[in-house]
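Protein chains in written order, with the numbering used here: chain A, 1 to 485; chain B, 486 to 930; chain C, 931 to 1186.
None of these hints come from the bench; they were simulated from the model.
Source: prediction; values computed, not measured.
By construction, the Cβ of each residue, glycine as well, lies at the ideal position given by its N, Cα and C atoms.
Accuracy of the hints is not assured; some may be wrong.
[Unchecked claim] Under 8 Å between C-beta atoms, here's a sample of chain A residues computed to sit facing chain C:
| id | residue |
| --- | --- |
| 1 | 26 |
| 2 | 42 |
| 3 | 44 |
| 4 | 48 |
| 5 | 388 |
| 6 | 432 |
| 7 | 434 |
| 8 | 436 |
| 9 | 437 |
| 10 | 440 |
| 11 | 441 |
| 12 | 444 |
| 13 | 446 |
| 14 | 447 |
| 15 | 455 |
| 16 | 456 |
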Amino acid sequence: MERDNNDTNDILDDVTGGEYKYGFTSDIDTDKIAHGLNEDVVRLISAKKGEPEWLLEFRLKAYRYWLTLTPPNWAHLNIPDIDFQAISYYAAPKSKEGPKSLDEVDPELLKTFDRLGIPLEEQKQLSGMAVDAVMDSVSVKTTHREKLAELGIVFCSFSEAVKEHPELVKRYLGKVVSYKDNFYAALNSAVFSDGSFVYIPKGVRCPMELSTYFRINASGTGQFERTLIVADDDAYVSYLEGCTAPMRDENQLHAAIVEIIVENRAEVKYSTVQNWWAGDAEGRGGVYNFVTKRGLCRGERSKLSWTQVETGSAITWKYPSCVLAGEGAQGEFYSVAVTRHHQQADTGTKMIHLAPNTTSTIVSKGISAGYSENSYRGLVKVAPDASGCRNYTQCDSLLLGSHCGAHTFPYVDVMNDTAVVEHEATTSKISEDQLFYCNQRGIPTEEAVGLIVNGYAKEVMNKLPMEFAVEAQRLLAITLEGSVG
Amino acid sequence: MGALKQYIDLYMSQREAIDAGSADVMNTLRPVALKALEGRELPDRGVEGFEKTSIDEMFAPDYGMNIGRLALPCDVAAAFKCGVPNVSSLLAVVVNDRFVPTATLLKNVPAGVRVMSLADAARQYPDEVARHYGSAASLESAGTALNTLLAQDGIYIHVDRNIKVERPIQIVTLTSTPVPMLTTRRILIVAEEGASLSVLTCDHSMSRDTAALTSQVVEIIAGERSRIDLCDIEETHDTQSRYNQTYVIQHAESNVAIGGMTLQNGTTRNEYRVNIAGRGCECHLGGMAIGSGHQHIDNSSDVKHCAPHSTSHQLFKYVLDDESHGAFEGSIEVTPEAPFTEAYQSDRNILASRGARMHTKPQLLIYNDDVKCSHGATTGQLDDKALFYMQSRGIPRDEARMMLMQAFMAEVVDTVRVEAVRDRLRHLVERRLAGYEAHCSDCKA
Amino acid sequence: MNELLKVTDLHASIGDKEILKGINLTVNRGEVHAIMGPNGSGKSTLSAVLAGNPTFTVTGGSATFHGIDLLDLAPEDRSHEGLFLSFQYPVEIPGVSMVNFMRAAVNAKRKYFNQPPMPATEFLKLMREKRAIVELDNKLASRSVNEGFSGGEKKRNEIFQMAVLEPCLSILDETDSGLDIDALRVVAEGVNKLKTPDNATIVITHYQRLLDYIKPDVVHILYKGRIVYTGGPELALELEEKGYDWIKNQVDKEAE
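I would like the entire structure built from these sequences, with the hints used as guidance.
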């Protein structure tokens, strides 16, 4: 009955040894400030970006608050002490001004994004997608801007938004994620570098997917981007985010903030394929991904949907959340989190039901292999005045091999007697019967595991936009193909 | 914060009196407990695992303790009527922490079985008690360490190898005090290899107008192939607080069923920590909470599988009315040493009024891939459609609501495996939901 | 050489328990063999062992499949070499559509023979053609493998896969179990349509009724891990008439 355990683990090792093809580094002339963090560094970052006084004040307030905090330790994670003074808080590919056209962009940089499969030349692009590419701390190039501008849509780097649409940035910055929210949110608010800014005006459906690719390149740096998306009344946008980083022996810190505001009857879909360098098979190196993502569904019948496929990072700590403040607002969270080798992930969501008749759906699929630890942590909260709310949560864990851990920590807080909140969770493994059935039909074990895992994750994958879904499926197969349970 | 200090100070000034009123076996653990409390605090609300209940607050009032072991006035005879009808149980009464056997108990305890005062047992059978006392309870819990520091007496139940106790053992615990008081009680239940027994504890208070707190640590040691049933029914008053910590160690092929039923109370925190140490065990954990007024009921369970081929089932249900608050935190943990585990947990709650609150946190911690585990939690209301259907058949709305609540709780009642106890509980639940005080009809407590 | 499968003195066990105790069996191209026997005689074990199910350990004997050592091959390579097992209990694979599943199977086989993957249009055409053989609903193709299929649909799905993979040796393990008479007919007709002079079929069954539709050339009776009788189609009829006790008594008596 028992398959030889060593065998199983051998196959597992083979498979989970799947290669990380984004691990190259690029030789790009980088403007990087010295390691360490103090008020002068915060001022320097602000000055380098030519920011207005109010933004510098915002940063300094956040920095001073950050000094009073200690890193959170409640997650099911083993986070080594991070020396925040050993990190450089600003690195930017050198150029005098932001590139006005493609000709001004460093060819090495273009090559980098080409290798990542993200051509920045607009004619080469999928016509249905506009891209903002962020290397280290700075937005490199945003495509299709003019076309979007015709509709009144703003899609640009955060720094440009500060210059060109200061009133919008000022109105919304920090309104969903306060700098006081948590340790990493405070840090980000003090030193954030760049990111994307999206504004969809009233009644406009964004005709193409907006997409940002984040890339950490320089060593010894952290990446602290900030994304702000505003969908005004009756607007719609689908936003995609992809992340990669070179293979380095050191751990790199990524502490981002994403804020989303959804007004009356507007809808935002936010999809992430997170594939930061996860460290090697022995757990050396990799990105620490400590991210605060939150959306405020402020308008009535507004809708926010998070979809994430998490395969990268040495440690992931993130809980994309929905604050459902408008009557009838909807929040959704669909997640596939894969961990292997020595990766650790503590991820999930918060659904805060503040208004009546708000609904939320959570589907989380965890897949653990190797020596990894994979946790779902989620909060569903129904406020006293929020009557008629509904939540459905489903958390499934799949374990591949006997050295990994899969954990579920849901918090359910119901303060209204008309709420219906349901939570179901299961833990399973790929059955030998399924593997043998596939084998008998000629499908080798490695491929069978990829097939079965993709089937297991299908509910979430189906929520991704088409272009991303294909990439995400391939990623899952590469990451896990051949693992045997 | 800082409620712990007054008790440590009390201990430091009264250690000789405390020791004198107890037994050596219990006294030897006090310094160990004191050391474990160094630099500690009782958990406050919001600490992971104590989201909604502050133990610190519970212990904060300036309670007295009966260290000198004065016999407090108590109408014990009234409590003796709290028998299980139609079953001759082995009945004992515990007033605060003082064990009072009944004549029938003394007459009917079978050979190889001890049901007695813990302190007496510790004096008469020191080796036997020392082997088990403190072996399951964890001093990592500040509450347990404090209990170990202060406990002078309690209950000792021991069943020898292969002895099956046919009659249920019933213990009525009474809080009786004219002044606000902390009772520190200890219960130790040991089933040796192949033994079997069933215990029913009924927790009452005879001092309805006096605030009182009970700290109770229960240790259950289930030997190989033993079978233990424990049903704990709390029926006290809104003036009463209770911090009850139950620790279970299950050896190979043992079978343990524990039910914690809170029918009436003030503030209660129950913890169940089950360590499945041997292979092939079966564990059932059932919990019920019926809340009205300002009752606060917090159950926390942790079933840890450390050996292969065991199964565990947890079922907790709450019905919360008025301004009552419920909290449930439960976890299933499967270690790498426990393949072929089957573990299930279910938490179902009904909020019956606008002011009621429920917090749940069911957790899975799985470190083994050859397991079947699941948990589910729901919080909702009584089924409107069913209510309407019943009304349309002429059943008044209130009665229909009550029937639906009883039906909802029936699943937990059914987890009690001893028939007489199950019937008793069903009766109590029906009365409680019908709005009566959930006391046995002829019990004055 | 017409010989397709030659099994010699095959022993297999699960854990410490020996289930196959010396099986000898030769199947030639163009033949249909029926293996019958009472419950627990080892019929399903034989099919599982030939297909390479890791649950069982081969403890002795050999099996050659068109000249190559079958027992030496991984389960998927046995499939590529042309061995097909129709499962008694087809396995459900949630979330994996039949189309994806079959494309993976077909292309794995082509890769094994150093052929490029089948173009999508050609593959879809193939699926359409083969579906017709067992009257399988178009909609089943987009559903997850065996998930939510009725008993009859599952068995028809097995024969559909057999049609797509074009094996030279098909083993039908209790394909008749749980089927009503109409489903049985459809399945049997499917099997008959796929029969050629170059391939062979082993039908494993407890009852005679499937053999009314799929006519065997040779009938074996398996009991206590050994083939105790081999005869023509008439053996199945005799068995139907006399029941298995007749065999059991005779074999057990000889053993004494």
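Each hint, compared with the structure:
1. 26: violated, 34 Å
2. 42: violated, 48 Å
3. 44: violated, 51 Å
4. 48: violated, 49 Å
5. 388: This hint is violated: residue 388 (chain A) lies away from chain C, its Cβ roughly 33 Å from the closest one there, beyond 8 Å.
6. 432: Interface hint status for residue 432 (chain A): holds (7 Å vs cutoff 8 Å).
7. 434: Where the cut-off is 8 Å and the nearest Cβ of chain C is about 5 Å from residue 434 (chain A), the hint holds.
8. 436: Nearest chain C Cβ about 5 Å off; hint holds.
9. 437: holds, 4 Å
10. 440: holds, 5 Å
11. 441: holds, 4 Å
12. 444: Because about 5 Å separates residue 444 (chain A) from the closest Cβ in chain C, which is inside the 8 Å limit, the hint holds.
13. 446: The hint is violated - residue 446 (chain A) has no Cβ within 8 Å of chain C, the shortest such distance being about 10 Å.
14. 447: Holds. Min distance 6 Å.
15. 455: Given a least distance of 3 Å, the restraint on residue 455 (chain A) holds.
16. 456: holds, 6 Å
Of the numbered hints given earlier, the model fails hints 1, 2, 3, 4, 5, 13; all others are met.
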